[in-house]
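Peer 1: Single-letter residue listing:
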Amino acid sequence: MELGKTTTIRMLLGILKKDSGEISWNGKIVKRKNVNFGYLPEERGVYPKVKVIEQLIYFAQLKGMNKQDATKAISEWAKVLKIEEYLEMTAEKLSKGNQQKVQFLTAILHDPELIVLDEPFSGLDPVNTEIIKNIIIDLVSKGKYIIMSAHQMATIEEFCSEILILNRGKTVLKGNLKDIKNSYPANRVHIEANQDIKKYIDKFNLSIENVVDNNYTINISNEEQAHKLLEELVKSSIIIDKFEIKKPTLNDIFIEKVGETK
Amino acid sequence: MGLILKDVSKTFVGKKVVDNISIELEKPGVFGLLGTNGARKNYDYSYVTGNIKKR
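Residue numbers (our numbering), protein chains in the order written: chain G, 1 to 262; chain B, 263 to 317.
Be aware that a few hints might be false.
Straight-line C-alpha distance at most 25 Å; calculated SDA-like pairs for lysine to any residue [what the hints assert, rightly or not]:
no. : chain 1 : residue 1 : chain 2 : residue 2
1   : B       : K268      : G       : N176
2   : G       : K178      : B       : S284
3   : B       : K268      : G       : E42
4   : G       : K82       : G       : E130
Label pairs and their in silico Cβ distance ranges [as the list claims (entries may be wrong)]:
no. : chain 1 : residue 1 : chain 2 : residue 2 : range
5   : B       : K278      : G       : P185      : 30 to 36 Å
6   : B       : K278      : G       : E42       : 16 to 22 Å
7   : B       : K278      : G       : K199      : 52 to 58 Å
8   : G       : E244      : B       : D269      : 40 to 46 Å
9   : B       : D269      : G       : E223      : 35 to 41 Å
10  : G       : K82       : B       : V275      : 42 to 48 Å
11  : G       : E244      : B       : K278      : 41 to 47 Å
Read the hints as simulated data drawn from the structure, not as lab findings. Using N, Cα and C, we set each Cβ at its ideal position, and we do this for glycine too.
Kindly generate the complete structure, drawing on both the sequences and the hints.
Peer 2: In C-alpha cells:
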C-alpha cells in the first residue's frame, strides 16, 4: 500500500489527522481552520455543469476573497493560463488539460503563501506544462513556498531545491538536490564525434548506453575514465563536437535508492 | 521559519503508511516530494472520517 506522498500532503493541510509528530507553519501549529494554503489535489475534479468563472469565484470566496477581487484576479490569471476563452463555458466542455489549468488556478487564486501541488503536470501536454512551470517559477520569485509531489523526475529536477524521496512511507533520501547529486560520482559521458569511435570505447572497457549517429552516451565509473578516453580520441585525431561529463540524474538516484530498499 | 514537519506518522489498517517524515522548507522555493506510484485505487478513502478500507 503506497499512500505516502498524498497522505503526507493531507496531514500537512490539516485534512487528515496525523498520529504523531508536529506540523507548523511560520512557528504556529497547523490546524485546518487557521491555514489558508493553496491545494491542487491529485484527484482531478471540477464541477462539470458549472461555468468555469462561477466555480473559480466560488472557490476564491471559500478562501476568503471577495467577489470583486476574485473576478479581477481571475481575469489576470486567465490570460497567463490561456483560458480566457473558456471562462463562460461549463467545465465539462473543456479538455482535460484545460480543466486541470482551471483547477490549478483555484489553488493559487487567493494568493496563498504555501501552495501544495499534487502531480501538477500529470496529463498535461508540453505547451501547458511550460505554462504551469513558468507560473511556478514566478510564484517562487514572489516569495511563495511550494510543495510539489510527483513521480516525474525530470520536471522535479528543473526547479526543486530540496527533495524527499519516499518509499513505502519511509524516507529513503532527503536533502538539497544539488548536494545530493554532487555526492555521486559522474556516471556518464556524452561524446559527439565525427565518426564511429566504438573501438576506442572498447579499448577502455567502457559500455555504450546509447548511440545515435556518432552521438554516444557512455557509462563511466568516474571522471578520469572520460578524460582518458578523450585524450585517446584527440591523440587519434578524431574530431569531437561535444564532450560532456554527466552526474547521475534524479531518475538514476531514485531507482538506485528505491531499489536498495526492496 | 516556513514549513516544518517533524517526525510525522500515520497508520492505516494496521500499516504505517507515513513513517516518521520530516520536512523543512525554511525559505521560498519548491520542495519535491517524490515516491513510487500509489495503489490507492484499491482502497476506499473517506475524507470525512479519515478512514480507509480495502475494496
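Peer 1: For every hint, state whether the structure bears it out.
Peer 2: These are the hints, each one checked on the structure:
| no. | hint | result |
| --- | --- | --- |
| 1 | K268/B to N176/G | holds, 17 Å |
| 2 | K178/G to S284/B | holds, 19 Å |
| 3 | K268/B to E42/G | holds, 24 Å |
| 4 | K82/G to E130/G | holds, 12 Å |
| 5 | K278/B to P185/G: 30 to 36 Å | holds, 34 Å |
| 6 | K278/B to E42/G: 16 to 22 Å | holds, 21 Å |
| 7 | K278/B to K199/G: 52 to 58 Å | holds, 54 Å |
| 8 | E244/G to D269/B: 40 to 46 Å | holds, 41 Å |
| 9 | D269/B to E223/G: 35 to 41 Å | holds, 39 Å |
| 10 | K82/G to V275/B: 42 to 48 Å | holds, 43 Å |
| 11 | E244/G to K278/B: 41 to 47 Å | holds, 43 Å |
In the structure shown, no violation is registered for any of the earlier numbered hints.
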